[in-house]
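A.B. asks: Build the full structure now, drawing on both the sequences and the hints.
What follows is each chain in one-letter form.
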Amino acid sequence: MAAMSKIATGNGHGENSPYFDGWKAYETDPFHPIDRPDGVIQMGLAENQLCFDFIKKWLIKHPEASVCTAQGVNRFKEMALFQDYHGMPEFRRAVAKFMGKVRGDRVKFDPDRIVMSGGATGAHETVAFCLADPGEAFLVPTPYYPGFDRDLKWRTGVELVPVHCESSNNFKITRDALEAAYVKAQEANLRVKGLLITNPSNPLGTILDRDTLKNVVGFINEKNIHLIGDEIYAATVFMEPEFVSISEIIEEDDVECNRDLIHIVYSLSKDMGFPGFRVGIVYSYNDAVVSCARKMSSFGLVSSQTQHLIASMLSDDDFVDDFIAESKNLLFKRHKYFTRSLSQVGIGSLKSNAGLFIWMDLRKLLREKTFEAEMELWRVIINEVKLNVSPGSSFHCHEPGWFRVCFANMDDNTMAVALSRIRTFMLKNNEAMVPPRKLCRLSSLKLSLSRRMDDLMSPSILSPHSPLPQSPLVRARN
Amino acid sequence: MGLLSRKATCNSHGQDSSYFLGWQEYEKNPYDEVKNPRGIIQMGLAENQLSFDLLESWLAKNPDAAGFKRDGQSIFKELALFQDYHGLPAFKKALVDFMAEIRGNKVTFDPNNIVLTAGATSANETLMFCLAEQGDAFLLPTPYYPGFDRDLKWRTGVEIVPIECTSSNRFQITASALEEAYEQAQRKNLRVKGVLVTNPSNPLGTTMTRDELDLLVNFITDKEIHLISDEIYSGTVFSSPAFVSIVEVLKDRNLENTQVWERVHIVYSLSKDLGLPGFRVGAIYSNDPIVVAAATKMSSFGLVSSQTQYLLSAMLSDKKFTKEYIAKNHKRLRKRQSKLVAGLEKADIGCLESNAGLFCWVDMRHLLSSDTFEAEMELWKKIVYDVKLNISPGSSCHCSEPGWFRVCFANMSEDTLTLAMQRLKSFVGSIASKDRSHQELKNSRRKFRTKWVFRLSFQSFHDREQDER
Chain W
1 MAAMSKIATG
11 NGHGENSPYF
21 DGWKAYETDP
31 FHPIDRPDGV
41 IQMGLAENQL
51 CFDFIKKWLI
61 KHPEASVCTA
71 QGVNRFKEMA
81 LFQDYHGMPE
91 FRRAVAKFMG
101 KVRGDRVKFD
111 PDRIVMSGGA
121 TGAHETVAFC
131 LADPGEAFLV
141 PTPYYPGFDR
151 DLKWRTGVEL
161 VPVHCESSNN
171 FKITRDALEA
181 AYVKAQEANL
191 RVKGLLITNP
201 SNPLGTILDR
211 DTLKNVVGFI
221 NEKNIHLIGD
231 EIYAATVFME
241 PEFVSISEII
251 EEDDVECNRD
261 LIHIVYSLSK
271 DMGFPGFRVG
281 IVYSYNDAVV
291 SCARKMSSFG
301 LVSSQTQHLI
311 ASMLSDDDFV
321 DDFIAESKNL
331 LFKRHKYFTR
341 SLSQVGIGSL
351 KSNAGLFIWM
361 DLRKLLREKT
371 FEAEMELWRV
381 IINEVKLNVS
391 PGSSFHCHEP
401 GWFRVCFANM
411 DDNTMAVALS
421 RIRTFMLKNN
431 EAMVPPRKLC
441 RLSSLKLSLS
451 RRMDDLMSPS
461 ILSPHSPLPQ
471 SPLVRARN
Chain L
1 MGLLSRKATC
11 NSHGQDSSYF
21 LGWQEYEKNP
31 YDEVKNPRGI
41 IQMGLAENQL
51 SFDLLESWLA
61 KNPDAAGFKR
71 DGQSIFKELA
81 LFQDYHGLPA
91 FKKALVDFMA
101 EIRGNKVTFD
111 PNNIVLTAGA
121 TSANETLMFC
131 LAEQGDAFLL
141 PTPYYPGFDR
151 DLKWRTGVEI
161 VPIECTSSNR
171 FQITASALEE
181 AYEQAQRKNL
191 RVKGVLVTNP
201 SNPLGTTMTR
211 DELDLLVNFI
221 TDKEIHLISD
231 EIYSGTVFSS
241 PAFVSIVEVL
251 KDRNLENTQV
261 WERVHIVYSL
271 SKDLGLPGFR
281 VGAIYSNDPI
291 VVAAATKMSS
301 FGLVSSQTQY
311 LLSAMLSDKK
321 FTKEYIAKNH
331 KRLRKRQSKL
341 VAGLEKADIG
351 CLESNAGLFC
361 WVDMRHLLSS
371 DTFEAEMELW
381 KKIVYDVKLN
391 ISPGSSCHCS
401 EPGWFRVCFA
411 NMSEDTLTLA
421 MQRLKSFVGS
431 IASKDRSHQE
441 LKNSRRKFRT
451 KWVFRLSFQS
461 FHDREQDER
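Chains as they are written, first to last, in full-length UniProt numbering: chain W, 1 to 478; chain L, 1 to 469.
To be clear, the hints were calculated from the coordinates, so they are not data collected in a lab.
Treat the hints with care, since some could be wrong.
Covered stretches of chain W, going by a simulated chain L footprint (3 or more residues, C-beta under 8 angstroms) [unchecked claim]:
(1) 263-275
(2) 392-403
Derived PhoX-like pairs: lysine-lysine, alpha-carbon spacing no greater than 25 angstroms straight-line [unchecked claim]:
(3) LYS297(L) <-> LYS6(W)
(4) LYS69(L) <-> LYS61(W)
(5) LYS77(W) <-> LYS35(L)
(6) LYS77(L) <-> LYS61(W)
(7) LYS297(L) <-> LYS93(L)
(8) LYS77(W) <-> LYS153(L)
(9) LYS153(W) <-> LYS153(L)
(10) LYS56(W) <-> LYS77(L)
(11) LYS77(W) <-> LYS323(L)
(12) LYS319(L) <-> LYS382(L)
(13) LYS351(W) <-> LYS336(W)
(14) LYS77(L) <-> LYS101(W)
(15) LYS77(L) <-> LYS328(W)
(16) LYS323(L) <-> LYS24(W)
(17) LYS61(L) <-> LYS57(W)
(18) LYS69(L) <-> LYS77(W)
(19) LYS77(W) <-> LYS339(L)
(20) LYS6(W) <-> LYS153(L)
(21) LYS77(W) <-> LYS61(L)
(22) LYS77(W) <-> LYS28(L)
(23) LYS56(W) <-> LYS61(L)
Keep in mind that this is a model prediction, so the values were computed, not measured.
Backbone N, C-alpha and C fix where the C-beta goes; we use that ideal spot for every residue, glycine too.
C.D. replies: Below you can see the structure in the form of structure tokens.
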């Protein structure tokens, strides 16, 4: 009689997925350069830790950005009382401006369409509540962020139907895949209400090209379903090609689109590195959705203390311009260093230009082409190599052997330690495959091999299409 | 098509209620001492604005907490990254200690049993998602906070069945009212999952008696259902009787670690006691580890900003400050409430005797043209549009008797309250004189009727005279 709800006692929170198991392993034995040098290094957390020094300098110069300092306290009472779910006008203006700048000012955002939410987590759940009834479905291209299973489904009763993307074409979203997923949903008697895309993609780290975006917009218009664009990694696009937002595509002359179907989810957790401040945004081109989401935002308003801080920071145009440039620069450098070092030991990844992670290709290390083998390999990586990485299966990837590995949530030293562990592991792994009498030749070959790899190294080589060495020995034979 | 969900297109968000309409009218024409002295005075907002100076002076003395620092060192990065839904341990400890202090330290709370949420709004909704399925029901004593219709029902699909309380016994909960509500739910084929009470009560401003609390414990034990005690006004109890929390009753009855102990859950927030609604600090406290675990995961949808957790953990850990704040806040609330009560008395208006909250439950039944909710709405519209006071009509709080209004007293300056009372007095005075002249007219009509044949022309002339006045 006094039992709890099915929602509370079931598994809909999704935390029994391996994505979270790795976190648990990390939490019991976390790496620390001095106290726990053999601990697990966290590479499963998509955080952006590269820009804090930059931000701190701004904070020191602007004490009035906090309503609690002597310089800001004159607004304390006003902020403390402000619980209007419309959000502070200056906060909305500043966020709208920031979103525009992140898109190179190629498009403008209307502050009156900015609706707050409890992080992007809250934003996604709110959008699901607004657009779909229990039992209805959204299509989501795989691989996708594991949190969607909780955010979109758990308390809403909405279903997710995967749109399968394959490594054979770099996990591009094809019209065929969309249609196939739609048909599958219908066969399962699920009414499809929308398509959710994450662009730039988590976990791929890639952006959708113009053609794909147009295809997607065409598809949703034809089916008269909603398009939710999760663009929370928009400012993490650190090199060409340039990011194209849904907000830009719908403005193009040759694109016909019912704007009532278009919604964007945003957050400052990734672009600025502020996950603790819980700044989520729902931006919809549909007035009814704006109105409904705004009422629902009562369940997850942004603390006025935080609204004030963000409004101050993002209203400073010079700071924003410098920040966006600096962030891209630091991400680019870290990504290059990481991927280059990996390729030196024969590890490739999907060619990427965005995000806080890479989509690492470890298919050749699998005992067999199965998800069981992927789990085995993953346990080895966690328990022996002592790195928490995220297995592709937790992202609903259709093919085993892919892993998401984060690179922006640690300092240079930790990155170096992680890479040395990977190096050690790969060399051990390769040696294990080599018969003993060939070992002496192996050592003399290693040096020239790595030099050759440096010469050849450039991001364009690291795609699944290029021949990846099984081991230095195999490469030398070629 | 492009259809939205049923939730998006229905009215369950409750914002078409008069509670919110009054706010909207206020917003169109808000009172300002200088800029708009004839505007509407906001008396429909249960905010505590009386003690900000205490908070501000604490901030001035504690620059580290204010400036993302700890022991002089910047912890900005640490806070910016902290999104653990278990919450900042120091904050949870400070919060449960504060809750205990408010209860005279007669009970203690375990920080591991507290879940942080984005305001009590989120806490209440989360508890519904944890404890009930769509279509299940919770029993709530009337009158109750209008926001519950949204918070408890909208996205959860849970139903509310009222426990009717009446002025005959000061709106206290009775055993028969509880049973009647339970039976009503059954008649509607609704499975009752629990009772939710607000203690101290919004809108009554009263604390629940020990008898009522005992009654509730007996009832939920007998029916094997949950009890949610929304105690967000617990820090606003400014006069006797002292606040008795449900946990105190359970403890006194030696019910700790029994089944019923795990079915009692408390909702808290700093929006009323500390006057910080903008910071969105809510909490669920439960002795059931499964509820704590589920609610913790759900809090992902509305975590408390780490910036805010840090500031408040420093503030609430300062025991010297909390002691002084609680005492001074009580004193100021008591004084302000007395002022409202006295002002109402001058207008011949009474209210329910209260010892808590940020409002009074005002009795305007005698001003109704008839004992109906239509008459209540009529009166309310006059008060909002003519008297220019936004107060909340009892019907928006689901009161079963027309004529009661919730009037807030802590969200304005003393001068503004004085002005509001003057306006009310004039209004009541004008009704009284209108009543008197209508009464006189009725009397004179009666007199003339007996001689109508001879005085017909004279009477009609007399009538016209009255109307033109």
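A.B. asks: Against this structure, judge whether each hint is valid.
C.D. replies: Now for the hints, and whether the structure bears them out:
no. : hint                    : verdict
1   : 263-275                 : holds (count 4)
2   : 392-403                 : violated (count 0)
3   : LYS297(L) <-> LYS6(W)   : 14 angstroms, holds
4   : LYS69(L) <-> LYS61(W)   : 15 angstroms, holds
5   : LYS77(W) <-> LYS35(L)   : 20 angstroms, holds
6   : LYS77(L) <-> LYS61(W)   : 16 angstroms, holds
7   : LYS297(L) <-> LYS93(L)  : 19 angstroms, holds
8   : LYS77(W) <-> LYS153(L)  : 32 angstroms, violated
9   : LYS153(W) <-> LYS153(L) : 19 angstroms, holds
10  : LYS56(W) <-> LYS77(L)   : 8 angstroms, holds
11  : LYS77(W) <-> LYS323(L)  : 21 angstroms, holds
12  : LYS319(L) <-> LYS382(L) : 47 angstroms, violated
13  : LYS351(W) <-> LYS336(W) : 11 angstroms, holds
14  : LYS77(L) <-> LYS101(W)  : 24 angstroms, holds
15  : LYS77(L) <-> LYS328(W)  : 19 angstroms, holds
16  : LYS323(L) <-> LYS24(W)  : 40 angstroms, violated
17  : LYS61(L) <-> LYS57(W)   : 24 angstroms, holds
18  : LYS69(L) <-> LYS77(W)   : 21 angstroms, holds
19  : LYS77(W) <-> LYS339(L)  : 23 angstroms, holds
20  : LYS6(W) <-> LYS153(L)   : 17 angstroms, holds
21  : LYS77(W) <-> LYS61(L)   : 17 angstroms, holds
22  : LYS77(W) <-> LYS28(L)   : 22 angstroms, holds
23  : LYS56(W) <-> LYS61(L)   : 23 angstroms, holds
The structure is inconsistent with the numbered hints 2, 8, 12, 16, although it conforms to all the rest.
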